[in-house]
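Using the sequences plus the hints, can you model the full thing?
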Amino acid sequence: MSRQTEDRASLEVLDFNARGASAATAQKHYGEALLQAAQADDRIVCLTADLTLPTETDLFRDQLPERFHQVGIAEANMIGIAGGLARSGEIPFVHSFCVFATRRCYDQIAMQVAYPRANVKIVGVIPGLTTLLGVSHQAIDDIALMRALPNMTVIEPSSPDQVRASVAAIARHEGPVYLRLKRADGTEVVGDPASDFTIGKMRVLREGQQGLIVACGMMVYIARSAADALSRDGIEMTVVDMATIKPLDPALVELARRMPLVVTAENHSIIGGLGSAVAEMLMENDVPSKFRRLGVRDTFAEGGTTAFLFEKYGLSANALVATIRQALAQPAP
250 MSRQTEDRAS LEVLDFNARG ASAATAQKHY GEALLQAAQA DDRIVCLTAD
300 LTLPTETDLF RDQLPERFHQ VGIAEANMIG IAGGLARSGE IPFVHSFCVF
350 ATRRCYDQIA MQVAYPRANV KIVGVIPGLT TLLGVSHQAI DDIALMRALP
400 NMTVIEPSSP DQVRASVAAI ARHEGPVYLR LKRADGTEVV GDPASDFTIG
450 KMRVLREGQQ GLIVACGMMV YIARSAADAL SRDGIEMTVV DMATIKPLDP
500 ALVELARRMP LVVTAENHSI IGGLGSAVAE MLMENDVPSK FRRLGVRDTF
550 AEGGTTAFLF EKYGLSANAL VATIRQALAQ PAP
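If you read the sequence shown in this note's numbering, its first letter stands for residue 250, the second for the next number, and so on.
Calculated from the structure, these hints are not laboratory results. Fair warning: there could be bad hints in the mix.
Unchecked claim - Subject to a maximum C-alpha distance of 20 Å in a straight line, what follows is the list of computed EDC-like cross-link-like pairs (lysine to aspartate or glutamate):
id: 1; residue 1: K495; residue 2: D445
id: 2; residue 1: K539; residue 2: E503
id: 3; residue 1: K495; residue 2: E423
id: 4; residue 1: K277; residue 2: D410
id: 5; residue 1: K495; residue 2: E485
id: 6; residue 1: K539; residue 2: D410
id: 7; residue 1: K495; residue 2: E339
id: 8; residue 1: K561; residue 2: D390
id: 9; residue 1: K495; residue 2: E533
To be verified - Ranges between beta-carbon positions, derived for each pair:
id: 10; residue 1: N326; residue 2: P580; range: 51 to 59 Å
id: 11; residue 1: A581; residue 2: R292; range: 48 to 56 Å
id: 12; residue 1: L302; residue 2: A397; range: 28 to 36 Å
Every residue, glycine too, gets a C-beta built ideally from N, C-alpha and C.
Right, dumping it as structure tokens:
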């Protein structure tokens with residue numbers, strides 16, 4: 250069987266069904282964390298746009314039905330309702346797929362959440378290239394959109410522990426937040442304990458002197474895999490988990506200044522996301538390091554399994570290793 254035929258075989262509907270089955274039995278780290286936060290703070294309410302199961306809010310619905318609002322397929326209305334609830338003293342957590350929670354209702358978020366600093370938490374699942382459903386469901390510009398809004402905090406955790414810790418943190422945080430989450434499907438890699446999660450603070454996961462990888466979300470695991478591979482050849486990289494993409498941790502500047510190379514890795518367009526945020530900060534602080542970005546280039550992607558798409562669009566550990574090797578081999582400016 251040719252490689253192309255194998256790739257096509259991996260896109261069969263059976264694969265879609267299998268993924269749905271695995272998601273149904275996966276542990277709901279986000280849903281459990283939200284329920285725990287709501288049981289501790291009765292101001293927290295939950296809204297969803299006809300996506301209760303995929304957003305794990307069925308746990309909230311079943312335990313706290315009086316504080317659960319199913320608004321139907323109406324994200325713009327959901328944001329408006331959330332803005333009103335926040336003005337009444339409640340803390341709304343609103344839920345949809347990333348692409349619908351941001352782009353479809355952008356004006357409502359800008360005017361009814363970001364501008365008045367409403368205490369609304371926007372939670373999106375299925376980030377970037379993690380869906381078989383193609384362009385209409387691929388959120389490759391959501392970070393860029395949310396970063397552009399004044400007053401908005403943007404967070405993408407990298408592991409189940411980080412998800413739980415970030416939910417607790419944003420529940421305590423006063424102001425609008427966009428939380429970007431991989432949908433749990435049982436394949437999650439358990440990360441380091443994240444009980445010290447602090448909004449706006451990066452985590453240094455590995456230390457090396459030959460370069461710095463700054464990653465967020467699913468790309469953190471890939472960054473660590475790439476660093477392991479490079480280490481076997483004597484190339485030691487520092488790896489940073491930048492869970493808070495806005496505001497970016499200013500400590501990154503001094504860390505990057507000591508590195509000959511900085512590479513960002515994100516499951517998002519290279520335009521406007523983590524890579525852009527890091528580039529802006531480093532350039533504004535006169536950091537002279539070489540700089541590369543790994544992410545979706547300026548293109549829409551086809552539908553497919555995550556592994557297939559990550560390989561095809563250059564989000565794999567192999568692609569990251571190749572980028573770093575190539576950059577290190579080039580003479581310094």
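So, going through the hints one by one against the coordinates:
For a cut-off of 20 Å, the pair hint linking K495 to D445 stands: about 18 Å separates their Cα positions. Of the pairs offered as hints, the one joining K539 and E503 holds, with about 15 Å between alpha carbons and a cut-off of 20 Å not exceeded. The suggested pairing of K495 with E423 holds, with an alpha-carbon distance near 15 Å, which does not exceed 20 Å. Straight-line distance between C-alpha atoms of K277 and D410 comes to about 12 Å, which keeps the hinted pair within the 20 Å bound.
A C-alpha spacing of about 28 Å is found between K495 and E485, which places the hinted pair above 20 Å, so the restraint is violated. Restraint check: the Cα-Cα separation between K539 and D410 comes to about 32 Å, which exceeds 20 Å; the hinted pair is violated. For the suggested pair K495 and E339, the alpha carbons sit about 24 Å apart, so the restraint of at most 20 Å is broken. Annotation: proposed proximity of K561 to D390 holds, straight-line Cα distance about 19 Å (limit 20 Å).
Restraint check: the Cα-Cα separation between K495 and E533 comes to about 16 Å, which is no more than 20 Å; the hinted pair holds. At about 56 Å, the CB distance of N326 to P580 agrees with the hint of 51 to 59 Å. For A581 and R292, the hinted distance range of 48 to 56 Å is satisfied, since their beta carbons lie about 53 Å from each other. Between L302 and A397 the beta carbons are some 31 Å apart, a value that agrees with the proposed interval 28 to 36 Å.
This entry does not satisfy hints 5, 6, 7, going by the numbered hints stated previously.
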